[in-house]
Amino acid sequence: MGRYKNNAKAVHDLVRETEVHRDVYIDQEVFDLEMDHLFANTWIYVGHDSQIPNVGDYYGTTIGRQPVLMVRHSDGAVHVLYNRCPHKGTRITIDTCGNAGKFFRCPYHAWSFRTDGSLLAIPLRKGYENTGLDQSEAVKGIAHVKHMKNYRGFVFAKMSDSGPGFEDYFGESLSTIDNMVDRSPAGRLEIAGGVLRYMHNCNWKMLVENLTDTCHPMAAHEASAGTAIEVWKKMAPGANTKHPAVEIYAPFMSPYEFFEKMGIRIWRNGHGHTGVHHSIHSDYSAIPGYFDNMVAAYGETRAKAILDENRHNTSYFPNFTVKGPIQSIRLFKPLAPDKTLAESWTFRLVDAPDALLERTLTYNRLVNAPTSILGHDDLEMYERAQEGLHVDANPWVNIQRLYDPAELEQETAVINGTSEWQMRNQFRAWSKFMTLSM
Amino acid sequence: MSAPTDQDLIGFVVHEARLIDQHRFEEWLDLFAEDGHYWMPLEWGQTDPRLTTSLMYDDKVLLRIRIERLKGNRTFSQKPKSRCHHVLQTPQIETRDEAANQYVTWTPMHYVETRLDEQELYAAWATHTLTMVGGKLKIKLKRVDLVNCDAALRSIQLFM
Amino acid sequence: MAENTEIEVELKRSGLTFLVPPDKSILQVLIEEGIDPMYDCQRGECGICQVVVLEGVPDHRDHILSDDEHASNKVMQICVSRAKTPRLVLDL
Ligand SMILES: [Fe+2]
Numbered sequence: 397m398g399r400y401k402n403n404a405k406a407v408h409d410l411v412r413e414t415e416v417h418r419d420v421y422i423d424q425e426v427f428d429l430e431m432d433h434l435f436a437n438t439w440i441y442v443g444h445d446s447q448i449p450n451v452g453d454y455y456g457t458t459i460g461r462q463p464v465l466m467v468r469h470s471d472g473a474v475h476v477l478y479n480r481c482p483h484k485g486t487r488i489t490i491d492t493c494g495n496a497g498k499f500f501r502c503p504y505h506a507w508s509f510r511t512d513g514s515l516l517a518i519p520l521r522k523g524y525e526n527t528g529l530d531q532s533e534a535v536k537g538i539a540h541v542k543h544m545k546n547y548r549g550f551v552f553a554k555m556s557d558s559g560p561g562f563e564d565y566f567g568e569s570l571s572t573i574d575n576m577v578d579r580s581p582a583g584r585l586e587i588a589g590g591v592l593r594y595m596h597n598c599n600w601k602m603l604v605e606n607l608t609d610t611c612h613p614m615a616a617h618e619a620s621a622g623t624a625i626e627v628w629k630k631m632a633p634g635a636n637t638k639h640p641a642v643e644i645y646a647p648f649m650s651p652y653e654f655f656e657k658m659g660i661r662i663w664r665n666g667h668g669h670t671g672v673h674h675s676i677h678s679d680y681s682a683i684p685g686y687f688d689n690m691v692a693a694y695g696e697t698r699a700k701a702i703l704d705e706n707r708h709n710t711s712y713f714p715n716f717t718v719k720g721p722i723q724s725i726r727l728f729k730p731l732a733p734d735k736t737l738a739e740s741w742t743f744r745l746v747d748a749p750d751a752l753l754e755r756t757l758t759y760n761r762l763v764n765a766p767t768s769i770l771g772h773d774d775l776e777m778y779e780r781a782q783e784g785l786h787v788d789a790n791p792w793v794n795i796q797r798l799y800d801p802a803e804l805e806q807e808t809a810v811i812n813g814t815s816e817w818q819m820r821n822q823f824r825a826w827s828k829f830m831t832l833s834m
Numbered sequence: 059m060s061a062p063t064d065q066d067l068i069g070f071v072v073h074e075a076r077l078i079d080q081h082r083f084e085e086w087l088d089l090f091a092e093d094g095h096y097w098m099p100l101e102w103g104q105t106d107p108r109l110t111t112s113l114m115y116d117d118k119v120l121l122r123i124r125i126e127r128l129k130g131n132r133t134f135s136q137k138p139k140s141r142c143h144h145v146l147q148t149p150q151i152e153t154r155d156e157a158a159n160q161y162v163t164w165t166p167m168h169y170v171e172t173r174l175d176e177q178e179l180y181a182a183w184a185t186h187t188l189t190m191v192g193g194k195l196k197i198k199l200k201r202v203d204l205v206n207c208d209a210a211l212r213s214i215q216l217f218m
Numbered sequence: 002m003a004e005n006t007e008i009e010v011e012l013k014r015s016g017l018t019f020l021v022p023p024d025k026s027i028l029q030v031l032i033e034e035g036i037d038p039m040y041d042c043q044r045g046e047c048g049i050c051q052v053v054v055l056e057g058v059p060d061h062r063d064h065i066l067s068d069d070e071h072a073s074n075k076v077m078q079i080c081v082s083r084a085k086t087p088r089l090v091l092d093l
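Residue numbers (the numbering used here), protein chains in the order written: chain C, 397 to 834; chain G, 59 to 218; chain U, 2 to 93.
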């Protein structure tokens, strides 16, 4: 221990132009620094405001290792608070979600707080007379996460004062969230269907890199997607329509050329997306009535433009991803260097037919559940890598595919869909936000 | 066609678990009616498999895909293969409806799935909706409610 | 503890006035009248139902306020405390 703390150069040296050192995946000290620096200096997705529609509603989650609460205050505004009683440290809420009523009441000593975190009352307050309580940390109420932004329902927070402001941090990448919201004829999303929670014994960044890793599906998913295609061929030879599961699984077996041409877009600060020109979501069958709803809401030209975007995975650095055409999001919560909780959430497009939500949920179940055969393929690879990285003979992980030194001068680009530039983009951002406050 | 006795229903459920534990998946799949489903809800007391997400909601095509995948030479997550083990309470007859040709059993169980050095224990209730087809009992719906359905779970690769 | 008497309570901000009978607390009457005040313990311990007193003298029966606060008569706990004057005006 002690190689990386207070040593920005050592952290910096973990990321080379085309390689990263294994310590970014397996080292406890680097993980601790990620929690203290990377997850403090960047904007982290907290939750969607449709999870807390009513005054007093709250939802408990984490930012890095910090337990937080997203809550709807009496004036309708969303607040992000640390889930800790300022008195003795008790987590204020025990349930993941619920309604606090008009105030939070700590279950331990009944200190109470308004839903914006401010102190409401202390029981038996006279015992604090002349103790200087008004100078204490406790009297300040439940601490706020310093910076928060509700962008079209998506609530993000940044714990530290260092690091860029929200718009500067995300920039053009917000177009993916815009497109997903615009897919609702009402311009509104609602969290729906329930959350799939899948525990991975690997580093959180392996899941992030996989989002734009278009050279793995045909190899790793032959087992699931390849089998699905073969089974369907045998069970329904010459069928015109595909089984819903086959429709979802089959595109994972597309040839390299398909992935090369689908393209990747690179943005600043480690964000990027696959599926610039087309994607594995391009050829789903139409949902009856949906296009008409969209035309009625937006007019034909705009409706077509919205639905023609088929972005595959948009990776919001560091640990959040959006699939617009499927209306699903995933959050990779880091628990330890070798432990990550993958949460997969889904949305209802308000005013769209139920059949669309049904497909969204089918996709989530077939691809992101702990019972997903496609998920089993991926998890096996992550966990094998987590073990393999302990080999001392070679401590470097290669991310060199289609590297060109000229890319170091370029902040934004549209590139070949099999490039690993987006992985390099993520690690450059990693290095930047890790060392920003060191 | 004579209706199944209670003992027939109990025997069916016990035999079904045995086929899974012994990896006799072809025989197991054959226990399902053509329109049969295997359902593992995600939510406690879930009523809808369509507009609420499930852990599994497989028809026979999906079950067939899973079974073929388990056999695949490039199914790396099954190298080595998972094994599993059921302990059932005696199945209880929930309803018998001979007119509708529908019989429902309810079976508390413990299920262990293991691979390499990892072993996971699950507690669940299996609800079998059975029907007679051509003189044989078939599964219309096998519903598996995990007691920790909404927990952060590890991979589940076989069948409960 | 003094015998309970009827209290006339005026809520300044909402402009409403209620009579609080001897067998009910101010809080109880406000709840019954649909005012929807904040409260929790109803034993004069938690401090949540505390209100600012604009006119009248409260008869403090809580365990929250210090002697000085009691003496100042600026705030009161409406779940247990009553009035020494026939009328109270509260900042509600
Ligand atoms: Fe994959």
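Hints should not be assumed to be uniformly reliable.
Stated by the list, open to error - Straight-line distance between alpha carbons at most 30 Å, and here's what the computed DSS-like set of lysine-lysine pairs gives:
(1) Lys85/U - Lys536/C
(2) Lys137/G - Lys729/C
(3) Lys139/G - Lys498/C
(4) Lys484/C - Lys85/U
(5) Lys629/C - Lys137/G
(6) Lys118/G - Lys638/C
(7) Lys828/C - Lys137/G
(8) Lys85/U - Lys405/C
(9) Lys735/C - Lys118/G
(10) Lys194/G - Lys401/C
(11) Lys139/G - Lys401/C
(12) Lys198/G - Lys630/C
(13) Lys729/C - Lys401/C
(14) Lys194/G - Lys629/C
(15) Lys25/U - Lys536/C
Please keep in mind that the hints were generated in silico from the structure rather than gathered at the bench.
message: Let me make sure I understand: some of the numbered hints might not hold for this structure. Which ones are they, in numerical order?
response: Those not satisfied are hints 1, 3, 4, 7, 8, 9, 10, 11, 15.
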